[in-house]
Amino acid sequence: MTKIHVTTTVNGDPAEFLADPRETLLDALRDQLGLTGTKEGCGTGDCGACSVIVDGVLVCSCLMLAAEAEGKTVETIEGMAGEELHPLQRQFIEHAALQCGFCTPGILVAAKALLERNPDPTDTEIRYWLAGNLCRCTGYDKIIRAVQDAAAEMRGAA
Amino acid sequence: MAKDELKSGYKLIGTRPNRPDGLDKVTGRARYGADFSLPGMLHAAVVRSPHAHARIKNIDVSKALALDGVKAVVTRADLPTGLSGEDLNLQDNTLAGDRVLYDGHAVAAVAATSALLAKDAARLIAVEYEILPHVTDVDAAMAPGAPVIREGVADYSVPEGMHPNVARYMAFGHGDLEAGLAAADIVREHTYKTEATHQGYIEPHACVGQMGEDGRGEMWVCTQGHWYIRRMCAAVLGIEAANLRVTPSEIGGGFGGKTTIFIEPLALALSKKAGGRPVKLVMTRSEVLRATGPTASASMDVKLGMKRDGTITAGQVFFRMQGGAFVGMSPIGEALPCAFACYDIPALKHEAVEVIANRPKAAAYRAPGSPMAAFAVESLVDEMCRELGLDPIEVRLKNGAKNGSRSSYGPDYTVIGLQETLEAAKAHPNYKVPLGPNQGRGVASGFWFNHGGETSVSLAVGEDGTATVSIGTPDIGGSRASIGLMVAEFLGIPYENVRVSVVETGALGVNEPTHGSRATFASGKAAVEAARQAVAEMCRRAAADWGIDPDAVEWKDGAAHPAGPNAGKFPPMSIGEIGAKMGSTGGPISGHHEVTAEGVGASFGTHVVDVEVDPETGRTTVLRYLVVQDAGTAIHPAYVEGQYQGGAVQGIGWALNEEYVYGADGRLQNPVFLDYRVPVASDLPMIDTVIVEVPNPGHPYGVRGVGETGITPPLPAIAAAVAGATGARIRSLPLSPPKVLAAIKAAKG
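Going down the list, the protein sequences come from chains U and X. The opening position of the first sequence corresponds to residue 829 in our numbering, with each subsequent residue numbered one higher. The opening position of the second sequence corresponds to residue 2 in our numbering, with each subsequent residue numbered one higher.
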């Protein structure tokens with residue numbers, strides 16, 4: 829099958845690869861670009877472990893074809909920290925908001941997308957925004973608290 | 002680092018430092034099962050049965066092998082013969098023999114140069130089936146006329162006259178049951194059912210296997226126990242364990258489901274057939290749900306006698322459990338001892354049968370057997386409390402097991418904390434919140450044995466006075482942090498100066514998996530013993546330098562000190578000073594301890610839940626939830642709370658949403674997360690926790706193990722709360738909205 833030449837921007841860097849027409853963005857990120865921080869938990873858009881931001885929109889990368897990333901800007905967990913951790917990343921560590929950590933990259937990416945739209949979310953708003961990100965270890969309690977404290981820190985209220 | 006208010010006098014134990022693997026896990030750097038790759042690596046896919054029960058008449062692999070890029074196919078014909086017992090079970094589950102036994106049973110596997118190509122090739126493998134009658138429900142499987150799934154599975158224990166699908170029977174008890182029931186003011190008897198649920202770890206099973214024609218191989222795999230992977234793969238493939246080196250990846254959840262093999266021998270067998278090229282095999286979510294680790298489903302009769310004052314005079318259970326088409330997988334051996342473990346009742350009779358059915362081979366799931374047993378027994382206790390107008394906590398305080406009680410399953414308890422959890426629950430503000438219309442409150446207690454098990458740990462002192470600890474129990478929920486805290490506490494050095502690593506099978510003696518809530522207990526205990534050895538050696542080095550007797554040296558605050566004024570006057574020699582010159586004072590300093598760990602301390606918990614049920618839809622909303630559990634000692638309280646919260650939420654899912662739904666064709670109807678609905682963030686409130694600490698005398702720092710008990714009380718507690726909210730007692734899980742709505746209508750007549 830003829831492959832498709834895809835030119836895209838990932839975490840601020842130019843990236844290009846040859847995609848099978850059936851290949852998902854998730855597989856391209858992981859297998860072609862070596863960005864294995866984005867996880868596959870279901871492959872059907874139900875668990876959110878593969879969450880990335882494409883042109884500012886939170887998407888499940890398992891539901892998007894790699895070829896669709898042509899000309900777009902993709903942000904993954906690997907691009908979240910600069911020299912210092914993003915407040916969400918640091919708060920997740922300090923709150924013990926992760927156990928196995930497998931859902932963590934997707935939840936961090938999704939939470940970042942939330943706080944960019946709504947810097948002062950209620951608990952309920954956080955819970956509904958993250959309802960598409962499954963975590964089987966924590967019961968979500970410490971995740972919600974970590975997002976709240978990161979939001980407060982980012983608002984300068986901490 | 003905030004110090005919790007503990008009376009212990011510990012410097013580090015009870016604090017909440019950052020976990021050592023935290024940074025890798027929030028940046029995407031942590032490597033899980035599917036994140037590992039090797040040069041020249043192939044990708045594999047598995048062909049699975051679409052039938053619940055069928056004879057395999059023919060497997061044609063020619064079209065798959067003809068595809069460019071396909072390098073190997075394996076079927077059962079490629080595996081050795083002559084296995085027996087559990088090894089044969091494992092092999093039968095790895096690849097079906099002449100019959101497939103459940104929807105999703107593996108039939109063949111193929112390796113190719115890409116994952117997409119491997120999936121294409123799998124579709125080209127033509128399997129001809131002769132469909133056989135099937136049965137998936139536990140009660141139907143032992144009813145007269147049910148299709149016999151496998152001949153000759155019954156062992157000596159099965160009474161005559163039972164259906165051939167009954168594989169095992171167990172019974173034990175004590176006291177005079179009839180006299181106990183006669184002494185009661187009321188005797189009640191009901192049947193309770195729980196459906197199978199899945200552990201639901203978000204990381205699907207994944208591995209990379211490599212094996213040459215000499216039968217030597219390597220494997221990288223997400224697992225709770227890499228020595229188990231080694232032993233089981235070796236048995237299934239007919240190779241020697243020492244020829245397989247297994248390295249665990251980070252693990253994306255397990256909850257018991259990753260203590261056994263599913264795809265791992267396939268990756269190795271394919272690699273060998275493909276000339277030794279490494280093979281990556283990753284399950285899809287649908288494969289995970291169809292073919293790995295669900296729990297048993299259960300049908301349970303319970304009978305209890307109670308006096309008007311709440312005294313329980315006698316109890317009787319008969320449990321029927323199916324754990325799939327393989328003998329030995331249903332947890333009757335755990336469910337029965339857990340049934341009445343929270344109580345001290347003068348007369349008890351326990352009976353259970355294991356039944357096989359056309360379902361996947363069950364695997365352990367967090368306190369295997371205990372949640373089902375708790376649902377049955379705690380539900381009936383609650384029903385009788387409501388009938389007699391008694392407070393459910395008072396009744397449990399009155400009948401609950403205490404220090405020194407004889408347990409319901411035989412041994413005497415030593416020091417346990419059930420009563421303390423009940424008192425703490427009673428005193429908690431959640432127990433006093435007034436309830437509104439359509440709201441109800443449920444209380445239940447739960448139990449897990451905890452486990453010691455085979456454990457091997459090494460510790461080495463660094464040249465700079467740090468310590469590295471090598472453990473063999475994969476870290477699922479923060480155990481590297483808790484073991485690091487204990488070692489740092491013992492050595493008297495900063496937590497940051499201890500690095501704990503999970504090492505591969507070549508680096509230590511055999512370790513059992515991280516199961517039975519044992520990692521922090523057993524690896525922690527062995528790590529402290531290893532540290533004790535290193536301290537003894539460091540004291541010897543200091544003594545030699547000072548020219549005094551080693552017995553005259555003591556260790557405190559990270560340094561050797563003269564034990565008293567008679568020992569001589571020397572400034573303390575720190576671990577850093579000793580480490581810096583150890584090369585010239587006798588060589589490397591390390592400690593090693595291996596043991597089948599004993600001294601396990603049982604774990605009890607009590608939960609209180611408030612729910613509101615929508616009378617229009619039957620939907621249950623959890624309003625507030627309280628977990629009280631005895632940790633023994635909470636080494637890292639944040640991760641103890643995390644275990645309590647996570648266990649409770651898995652139990653909430655089991656109670657309200659989760660179930661395996663089989664169609665009339667015997668196929669699993671909901672093998673995706675959209676339809677197998679685990680709790681999501683918007684389903685839940687915060688999960689309140691109280692950590693009770695009744696130290697376990699069998700551990701140097703009092704650890705019991707905290708992982709499992711938390712999943713047991715939610716099932717009966719939520720059913721009790723729903724009964725309180727609606728007046729309708731539902732004796733089968735899950736309490737899905739249609740079922741609750743129907744029960745509300747039925748209760749109203």
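Hint data in this document are derived by calculation from the structure and do not stem from the laboratory. Computed from a predicted structure; not experimentally measured. By construction, the Cβ of each residue, glycine as well, lies at the ideal position given by its N, Cα and C atoms. You may find that some hints are simply not true.
From chain U, some residues computed to sit far from chain X (all C-beta separations above 12 angstroms) [as the list claims (entries may be wrong)]: (1) T835; (2) G876; (3) V887; (4) M908; (5) L943; (6) I954.
Covered stretches of chain U (in silico footprint by chain X; criterion: 3 or more residues with CB under 8 angstroms from a CB of chain X, positions within the stretch not fixed) [stated by the list, open to error]: (7) 863 to 872; (8) 897 to 907; (9) 925 to 939.
Right, here's what the structure says about each hint:
1. T835: holds, 22 angstroms
2. G876: violated, 9 angstroms
3. V887: holds, 17 angstroms
4. M908: violated, 7 angstroms
5. L943: Since the minimum Cβ distance to chain X is about 15 angstroms, L943 (chain U) lies beyond 12 angstroms and the statement holds.
6. I954: violated, 7 angstroms
7. 863 to 872: This one holds; 10 residues, not fewer than the three required, reach chain X with a Cβ under 8 angstroms.
8. 897 to 907: Coverage by chain X holds for the region 897 to 907 of chain U (3 residues, Cβ < 8 angstroms).
9. 925 to 939: holds (count 9)
This entry does not satisfy hints 2, 4 and 6, going by the numbered hints stated previously.
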